[in-house]
Amino acid sequence: MHSGGNASSLPLVGGAPEPTINQLSKPGRRASRFPKLDVPVTEINNSAIRNDKPSLPEVSEHDLVMHYSRLAHRNFAVDVGFYPLGSCTMKYNPRFADYVAGLNTFANSHPATPSAFTQGNLEVLHELEKFLIEITGMDNATFQPPAGASGELTGLLIIKKYLEENNLTNKTDIIVPDSAHGTNPASAKMAGFNVVEVSTDVRGMVNIDDLKELVNENTAGLMLTNPNTGGLFEENIMEISNIIHENGGLVYYDGANLNAIVGVCRPGDMGFDIVHSNLHKTFATPHGGGGPGSGPVAVKAFLKEYLPGPIVEKNENNYEWYMPKLSIGRMHGYHGNFLVALRALVYMKLLGKEGLDTLGSYAVLNARYLSSVISKVIPLAYNEPCMHEFVATVKDLKKSHKIKAYDVGKALLDKGFHSPTIYFPLIIEEALMFEPTETQTVDTLDDLAETLKAIIDELQGEDVSLEEYPKNLPVGRPNELIPAKHLTVNWGDFELLELTE
Amino acid sequence: MSETKYLETHEWYIVDGDNVTVGISDYAQGELGDIVFVTLPEVGQEFSKGDAIVEVEATKTVAEAYAPMNCVITEVNSALETEPELINNDPVGEGWMVKAEIKEMDDSGMSYQQYESFIS
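As you go down the protein sequences, you meet chains U and Y in turn. Per numbering that gives the first Met the number 0, the first sequence starts with residue 0, numbered consecutively. Per numbering that gives the first Met the number 0, the second sequence starts with residue 0, numbered consecutively.
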């Protein structure tokens, strides 16, 4: 292991399995005891009163605290080890952003407080909007969407409303690449569009000939992420957006991969009309546990009045909430996840212009370095220079040694690294998708590449039982079949336990 | 009954007079892994060659089985609704999916030998 590398988290997350809280239970133990009753007993006439005591685990307070602390320590997180999960931008988030978001004045301000008393909060959103439209090359933004997929839906509802207002309701088709994130077609469907799939060419980019054939008077728009999910920059992006615009459609930028281009180029200059960005990915909020996130949507000026609101407007002396005239409505009860937006602003201010200008470049540099060392171990899916992430494939190892991407992922966990994204994009067989982000040192990248090499060698050995991996973690491979067939949402289903055994 | 033929999309079919039986190949079930749910079509539903007839849900992914030729469904293997694992255990036997009346014969599928070299 390299000095400074030490990226493996195994010493922190490994070890014997933790018993369940039920297994720790001993009759009569209590975490707290109520004082003896010193008031008269009153009978409640209620048919819902239980006849039996609930079957709850009985443990001492210390046992309880130790149990959950041990579980908490075994959580894998960006702060514990290297998390090269492609498409997710699992970067380090500076403590200072958390510190600011935790300040009493921000953390405890209620979203229903009149704007006269929350001018600072409105200023934060206005400042961030200025930064964000500068970074994305757009004109206005809303912070209502609380996540990336919500941003996508917002963008598509804006397209829908725009088409309605302009009497273009014949336009019902949204074109989505076959390599797209699953949320793209899902959002398009939710917004009431037909999804039309455009294929990917041999170089891993949108198939222009196919696109030309698919586009017609019914085309409402195109959803695209650039760089795309293969980690490649769509070189023909200007032609792509022209094709859509010439047919009266709008072009939507899925900001999932924005990290690659921050400070280098802007979706607005590539012909995109609507952009969502994932503040939690690109700009400093720990994520991966289901939220909170923030998926602001930025648009060109001609779409401003369609934005979900209220949005912040700056008047001469103060900031005000403003509801756009043709707004699609609300996407959130209040103003989105304000504290995530705040973290993003802090992050941008911490980096400054100089830092933001190099953010994307460093993310790409790290990915290119990692791809160059990993390509010596397993082949890359595309023979093209990658952007912030890249896809490798073990399809040859599957043929020769029955080693699947799934097995490599599990074995990597065993060495204390998070698995890369596997089986995505769907169009690449046995895909392993790595995204190192700009926040890793070269030592950590080397560490991962060397570990990967060791794993691949090990898995190819004789008498290796792939199903045994991971071996060093408290929990082995979960049984994915039983929960899929017998979904149980509460603990203590003994029928299920029998099935498992 | 003719020989079992295979498609590039990993279905198998057997033509028997005016009728055809369709399922997915052993290779396909192996790639999908444990199958947990199958959505079968209705009897009487009409399909054109290449249309998705059956939706197969495995633990990791959802795949579709396509019509090998233009046909009308006459029978579905309703055992799959409760025992989708039949497809894993016996894909070309008890794991059959649908029987259909052929509307337009298209026997252009691959022989087993051809299919074997196609997947290897």
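Hints may contain errors.
[Claimed, not checked] Okay, derived cross-link-like pairs now, SDA-like style, lysine to any residue, Cα gap no bigger than 20 Å in a straight line:
1) Y:59 - U:376
2) U:397 - Y:59
3) Y:59 - U:487
4) U:484 - Y:59
5) U:398 - Y:77
6) U:299 - Y:77
7) U:324 - U:351
8) U:397 - Y:26
9) U:484 - Y:33
10) U:484 - Y:112
11) U:401 - Y:30
12) U:484 - Y:29
13) U:484 - Y:77
14) U:397 - Y:63
15) U:188 - Y:61
16) U:188 - Y:63
17) U:129 - U:139
18) U:398 - Y:63
19) U:160 - U:188
20) U:394 - Y:17
None of these hints come from the bench; they were simulated from the model.
Violated hints, by number in ascending order, as checked against the structure
As far as the earlier hints go, 1, 5, 6, 7, 10, 14, 18 and 20 are violated by this structure, in ascending order.
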